[in-house]
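Those protein sequence lines, which keep their order, are chains A and B. According to my numbering, the stretch in the first sequence is residues 1 to 425, in order. According to my numbering, the stretch in the second sequence is residues 1001 to 1262, in order.
No lab work stands behind these hints: they were computed from the structure. Check each hint, because a few of them may be wrong.
[Claimed, not checked] Derived, one-sided and incomplete: chain B residues facing chain A with beta-carbon distance under 8 Å: (1) 1148; (2) 1150; (3) 1162; (4) 1218; (5) 1220; (6) 1221; (7) 1227; (8) 1229; (9) 1230.
[What the hints assert, rightly or not] Here are the computed lysine to aspartate or glutamate pairs in the EDC-like style, where the Cα-Cα straight-line distance is at most 20 Å: (10) 1150/B <-> 171/A; (11) 1150/B <-> 287/A; (12) 1150/B <-> 298/A; (13) 1150/B <-> 290/A; (14) 1148/B <-> 283/A; (15) 189/A <-> 179/A.
The C-beta atom is built at its ideal place from N, Cα and C for all residues, glycine as well.
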Amino acid sequence: MNFKLIGVNHNSAPLELRERLAIPESRLPDAVQTLVRHPGVEEGMVLSTCNRVELLTSTKQESNLRSFMGSYFGLSADLLSSHHIYEFEHQEAVRHVFRVASSLDSMVVGEPQILGQVKEAYAVARGLGAVHSRLDALVSRAFAVAKRVRTETAIGGASVSISSVAVQLAEKIFGSLNDKTVYVVGAGKMAELAARHLISSGVHKIIFSNRTHERALQMAEAFGGQAEPFERLYETADRADIILTSTGASEPLFRREHGERFLKDRRNRPMFFIDIAVPRNVDRAMDKLDGMFVYDIDDLQSVAAGNTAERKKEAERAEKIIEVEVERFASRMKSLEVVPTILSLQEQCETIRQAEMDRIRGRLGKLTPEQEAAIEAMTRGIVNKLLHTPITTLKSAASGPEAATIHEIIRRIFNLNLKNEKLDK
Amino acid sequence: MFYGVGLLYAVVTLWGSHRMLTRILLPAAGLGTVFHLVAIVEYLMRADLAPSFLHQVESLLAFLLMAFFFVVYMRYQTASPGVAVFPLVFLLTLSASSAAWTPGNGPSPTVSASWIFMHVSLILVGYTALFFTFFASILYLVQERNLKAKGTGRSFWSRLPALATIDEIGYRCLVFGFPFMTLGLIAGSVVAEGRYGAKYFADPKILISIFMWLVYTMLLYTRWNVGWRGRRAAYMSAVAFAAAVVALAANSLSQTHRFFAQ
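Only chain B is shown next, with the shape it has when bound in the complex (with noise of 0.2 Å):
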């Protein structure tokens, strides 16, 4: 079932750079997205696990994420954030479609199995908005460029969405966001608190997120207050999202943000 969610994103990806090809492009990736949501339901019920493996994880994730290009498009008719979000869904579904899965490495029975859920799937939904708040601040700098160009830019006329339809994505994202990932955060405290207690924070993975929450909370504040957008909301999210690819990585070279035996 992966495989073939995997081949039609890759499909996707190849052609994503012919526009001509949207038409049968985005039913294709549609249907593509539609199965991987049967294919994690089935999961979840048939295995009656949370998805706490990076694999499923990395699937879990490429499902918001185009989840969330739907939204979008349907919302702004625009399928732009498409250039960044196709070719990130198939490399994350390619890498979790080759694990082998490994049945028995459940969580361990001292953590609460609902919790975790909570915590990786709260957690992935702000990641994903966060990613998209990251690449519309990207396309509004290419787009603020382009207009300063006055045309003389080759792109010019390009099928960018208006500046301020940027704008708004990149803002709506980042409210949405919000509440998920301090929701997973604190999720995701609570968890650890029932196992380790303190020393938890210590980590460094933690301290990342912890960071990448911050910076996070910046980002409204300053959108909020002083309208910050362009150029140094694009730094900020940038700084948030790397910080957030960063804490994810870390999953797999953290000491003591593991839940599942090896």
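Just chain A, same shape as in the assembly (with noise of 0.2 Å):
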């Protein structure tokens, strides 16, 4: 299992690196071919994304990547010995593309656009003919493992970010939000965001309202939205049924009184006020009534951390599947190893067969269909029972300790060994 990997990301090390190192979409197909042509390397592909930068291969002797890393990119001596550079082997290696596939290294944890980066990375790697068999089985098992950790664990599961934690309260209480209403009352960076964001879900009207008309139009115009008169507000806020207040209010806009009205003309139903403003622009007491759901600030940000808590213990759920995993692949690629050898013993021992079949024809003359029919299966059967327990027992201490001396002792038993570096290549 030669597998090797070296690379740099977020933790190891600092963005001036990392954008040194970026490949663009565009330069990426000469990366891999200038990786595979690297010597030593048999298979590669290469990994660029805002956050790492990681070169994946199958080698077949000692290969240096390092020395690769320092030609390709142009990094000094110093550098390329600096703990910001790692380096993976073997089984490391195995562990660290699961874990990157299934987000476990990523910045947020649980993010779910590294999977598709890894996957585009490999699709290149695979159109330039820079991946096979070897790397191929790593790499499926990494799409499949990381599928395995998002659907057994909550890893991606609960957003982490204010915004969006505003959207997936929406969703909780609106369920689809395309035919929804969103009224943006103020304007800052934060409501900015939460309002894009709700957008990307699917919301379908958003009105702004500013005390600087001017602002809202502007707003309203950049959003594809509609604007209305601040003096205006407690007549058409009703018509929402998500409300973002983020103004500079000393006193809170929206009260109790205000929010049993809009209940009587919505008919009851639920409105939500996403309160983004210090001090806060909803009333408390908004909170008591039915059908009135109000997030402030603070809300949000527990409900965010509560749920980077819930990400953290789902990760180390994560990590033991992967640790499964990782054996699970280790002892599959190693019972891959004596696949040549079991094939050549196979091969041998039918040229035999064979050459002794033609023999006996010589012999006995003409034979009848018959006759010939069940010659053809005692020789057979004979020879499958013969290699039963050699193959079986390479397949079974494959994965085990004594595998090298096992497959050793068959090599020499049945004098395979040249056939079989002749196959290996």
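Make the complex out of the two chains shown on their own, each in a separate frame, by following the hints.
Here is the structure:
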């Protein structure tokens, strides 16, 4: 199992270094091709995202990936030997690939993009013919592991940023946001971000209101919504299912009595207030009303923090899954190593059998088809029965500690060395 | 046949808390429901009887609950009602299958069998819809609570469907069930009128049924006009449901609401 991986990520290297190493999409094929031409490298793929640059290879003999890094990226010897660059081999490399694909190595653990990025990198390398059986086995297993982690743990489940928590809450209340209306009162970076998130989640209509009407008009234009004058806030707000407030008002804008009126006008259809203003724009008493859901900045933050903690717990479970999968993969790879031996064993015996068949045909003269078939079946039976034990022993010992010894013994007994070498090539 | 169904439901119920097994359980329950339907149809064809015995009623009710469950599941992708439906169905089928089938106690000849059949099946569809409305309103309360607890509750990201979805399930079932309940009661009245005349309506069971129907109507009315949902709707549907359960249980207590000799 000669896998080798070298790279940098957001933990190991500062942004300046990652920037220098980052490979734009247009240059990715070139990087892959250069990598597989590097001495000792048999198969290779390159993953380059904003948080990591990694070269994954399957190698035949000793190959120096650091020297490749040095020459390809023009890094100084100092930098090359620094701890910014990590290198994994064999089982460690397998584990790392599994962890990356499962988003355990990501900056935001559990974020879903990384798997897609790995898939793209894989597709590029495959398209160039840089991936064969070994790397193919590893990376497709990594996809399966990532899927398993995603379905068996809640690692990507709950949102950890304020604006995505807001969206998730809105979805918990309204289900689909497609036919919902959002009212954005006030303007601020956070409000803008949350509005953007809501729009990308399918919110259908967005209304802006601001003390400075100009600003509301600007935002309406930027987001493709409409603007309402601030004076008409209370008359128009009941049209909204979600109200996002972020004004600098020192007194709450929305109080319980407003809420009561909205509910009446809306025939008790629920409303969701996302209040990210400090001091708060929505009176706490509003939350007491049935059908009114008010989340202020602290609430959102505590949900996000709770989700982060939850993710950590889930990440631990995911690590366990990965441990199991690494072991399983390693033993599978080891059992693959005996496949050439088994094949050459079978081939050799078949050659002997054929030769003996020819000899007996010469001695017995013409045989009837029935006789021919009977001899054929008998010789095959003998060969298969004789080979059965060596093959099963090889297979079952493949992942055990005696693997190398048994492998060697069988090769010697059946004199397979030469052939095996040939087959491997 | 009923035993097999009951057993399947039992398995479902026992494992119901482990959500991981949904993939195996739902098909199993679906298969059980199909068998159940076959059994019911077979029974009807063979005996040519209306399901007027209590045990048959239980069996039919169990089947309707399961059928509703699957309709809701397919439409809204949620198995949450299963929490309540599976145990209930299990108890109903258990009770239905444990009873010895006593032939010969058919409905008395004075009462038209087809009217009874209509009465019973319509009412049962109504009951099932009411049960779903009731349970949906409970889920609504739970989910509302979750959302108001601001993520401090452990079950916060539980797999309950969105509030609006729960609301819609409850409402749809309410609207769907109303005509069945109404027609069922009318059919029942026709039967009773023919047999007992006006004194039938003084029976407590009948009064409870009428009361239940009134609450049901009020539920619909408040929903349409004021948009009542959540807590208030839950209270009302609880009252209607309790009345329905009492009315059903009264079958075995009522003096007049019996159409077969003991």
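Could you work out which earlier hints the structure fails to respect and list their numbers in ascending sequence? Hints 4, 5, 6, 15 not satisfied by this model.
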